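K.L.:
Chains as they are written, first to last, in my numbering: chain U, 1 to 196; chain C, 1001 to 1074.
Calculated from the structure, these hints are not laboratory results. Note that the structure is a prediction, hence the values are computed from the model and not measured. Any given hint could turn out to be false.
[Claimed, not checked] Calculated pairs, DSSO-like style, for lysine-lysine (alpha carbon to alpha carbon, straight line, at most 30 Å):
1. U:Lys16 / C:Lys1064
2. C:Lys1048 / U:Lys121
3. U:Lys167 / C:Lys1064
4. C:Lys1055 / U:Lys55
5. U:Lys55 / U:Lys70
6. U:Lys16 / C:Lys1048
7. C:Lys1055 / U:Lys121
8. U:Lys65 / U:Lys16
9. U:Lys180 / C:Lys1055
10. U:Lys167 / U:Lys180
[Unchecked claim] Not the full set, but computed from the structure, chain U residues with beta-carbon under 10 Å of chain C:
11. Glu23
12. Ala35
13. Gly40
14. Glu64
15. Val97
16. Ile100
17. Tyr103
18. Val109
19. Val123
20. Leu128
21. Gln153
22. Gly157
23. Leu170
24. Val186
25. Met188
For glycine and all other residues, C-beta sits at the position ideal for the given N, C-alpha and C.
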Amino acid sequence: MAQTPSPDVSPPVDEKRASFEREALVHLDVLYRVALRLTGNPADADDLVQETMLKAYRAWDQYEKGTNAKAWMLTILRHAFINEYRRRTRHPETVDVDSIEPYAVFPDVQDEDPQGAFFDKIVDDQVLRAIDQLPVAFRETLVLSDVEGMSYQEIAGILGVPVGTVKSRLFRARQLLQGKLYDYAVEMGYIKGSPA
Amino acid sequence: MNCRECVEHLYEFLDREVTPQLEQEIRAHLEDCPPCEEQYDFEELFLKFLRARCKTQGAPTELKKRVLRELFGE
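Please put together the full structure from these sequences, using the hints given.
P.N.:
Shown next, in the form of structure tokens:
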């Protein structure tokens, strides 16, 4: 025998690869969309997804098969992002997001456009740009919920915060985003808006 | 339930994250309160709009190839 076998019983490589392809690789699109919103550009998103996949494959034996691979991988992705983000930014969060007061748009449009028809005039790119301007803590919550449709419980697990925090961040993230899109719609003349 | 409480829980209601009892209270309030119902429609439309605008993007083919190459050397 040329080498000492490792004490743990790892599954054969082919089996590991097959289960990784079946359970993990299928979430590549989700990981990419989330990475793109977190990093704000395709090149960094590529690197982040790549790093996540490598880490996930290395740790694949620790993942309990058949549970929630998507949430498990998003947790890895988010950790990798936060580490890199902290390394690059000396003062990561400049605002205390949990003290941002929500602002409701609806009362402003209630008379002129209660159906929210002005939303339809706003193109995809503008929506994505507005999302990218949200504070990171809001952005990650909103993307996991509104883009990927994950439950509060799943999001709380991925972000490592209580469900109540997910709830309140999501509320404020949506209102803040709505406010940005409304301001943009007023600026573009899609809606008259109420005088400030 | 008053209007302020209703609006406060609208998103949770739309996300189907409320308890059955709260759900019932919100439904009852919405039936009786046209302004809140209007806001409910508005917020529902906003969430649908968000989903539709953001869901289109998938990972580029090049990234898929790169990941497979790095993982399995292909």
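K.L.:
Each hint needs a verdict: does it hold in this structure or not?
P.N.:
Going down the list of hints, with the structure as the test:
Between U:Lys16 and C:Lys1064 the CA atoms are separated by roughly 19 Å; this keeps the pair inside 30 Å, and the hint holds. Distance check on the hinted pair: C:Lys1048 and U:Lys121 sit about 14 Å apart at the alpha-carbon level, within 30 Å; holds. Note on U:Lys167 and C:Lys1064: the hinted pairing is violated, with a Cα-Cα distance of about 34 Å set against a maximum of 30 Å. Between the alpha carbons of C:Lys1055 and U:Lys55 the distance comes to roughly 26 Å, so the proposed pair stays at or under 30 Å and holds.
Only pairs whose Cα atoms come within 30 Å are accepted, and U:Lys55 paired with U:Lys70 is accepted, the gap being roughly 14 Å. Between the alpha carbons of U:Lys16 and C:Lys1048 the distance comes to roughly 38 Å, so the proposed pair goes past 30 Å and is violated. In summary, the hint linking C:Lys1055 to U:Lys121 is supported, as the alpha carbons are separated by about 17 Å, within the 30 Å threshold. For the hint pairing U:Lys65 with U:Lys16, the CA-to-CA distance comes to about 11 Å; that is within 30 Å, so the pair holds.
Of the supplied pair hints, the one linking U:Lys180 and C:Lys1055 holds, its CA atoms being roughly 20 Å apart against a limit of 30 Å. For a cut-off of 30 Å, the pair hint linking U:Lys167 to U:Lys180 stands: about 20 Å separates their Cα positions. At its closest, the beta carbon of U:Glu23 sits 14 Å from a beta carbon of chain C; the interface hint therefore is violated under the 10 Å criterion. A distance limit of 10 Å between C-beta atoms decides the matter here; for U:Ala35 the minimum to chain C is near 9 Å, and the interface restraint holds.
The criterion of a C-beta within 10 Å of any C-beta in chain C is not met by U:Gly40, whose closest approach is roughly 13 Å, and the hint is violated. Violation of the interface hint for U:Glu64 is found here, the shortest Cβ-Cβ separation to chain C being roughly 20 Å, above the 10 Å cut-off. With a cut of 10 Å, the hint placing U:Val97 at the interface with chain C is violated, because the nearest CB-to-CB distance is about 17 Å. Look at U:Ile100: its Cβ only gets to about 16 Å from chain C, farther than 10 Å, so that hint breaks.
The interface hint given for U:Tyr103 is violated, since its Cβ lies 13 Å from the closest Cβ of chain C, which is over the 10 Å cut-off. Checking U:Val109 against chain C: minimum C-beta separation of about 8 Å stays under 10 Å; hint holds. Hint status for U:Val123: holds, given a least beta-carbon distance of 8 Å to chain C, under 10 Å. The beta carbon of U:Leu128 is positioned within 10 Å of a beta carbon in chain C (closest approach about 7 Å), and the interface hint is therefore held.
Restraint check, U:Gln153 versus chain C: the minimum CB separation of about 9 Å is within 10 Å; hint holds. Hint status for U:Gly157: violated, given a least beta-carbon distance of 14 Å to chain C, over 10 Å. A distance limit of 10 Å between C-beta atoms decides the matter here; for U:Leu170 the minimum to chain C is near 6 Å, and the interface restraint holds. With a cut of 10 Å, the hint placing U:Val186 at the interface with chain C is violated, because the nearest CB-to-CB distance is about 16 Å.
Evaluation of the U:Met188 hint against chain C yields a violated restraint, the C-beta minimum of about 16 Å exceeding 10 Å.
Of the numbered hints listed earlier, those contradicted by the structure are 3, 6, 11, 13, 14, 15, 16, 17, 22, 24, 25.
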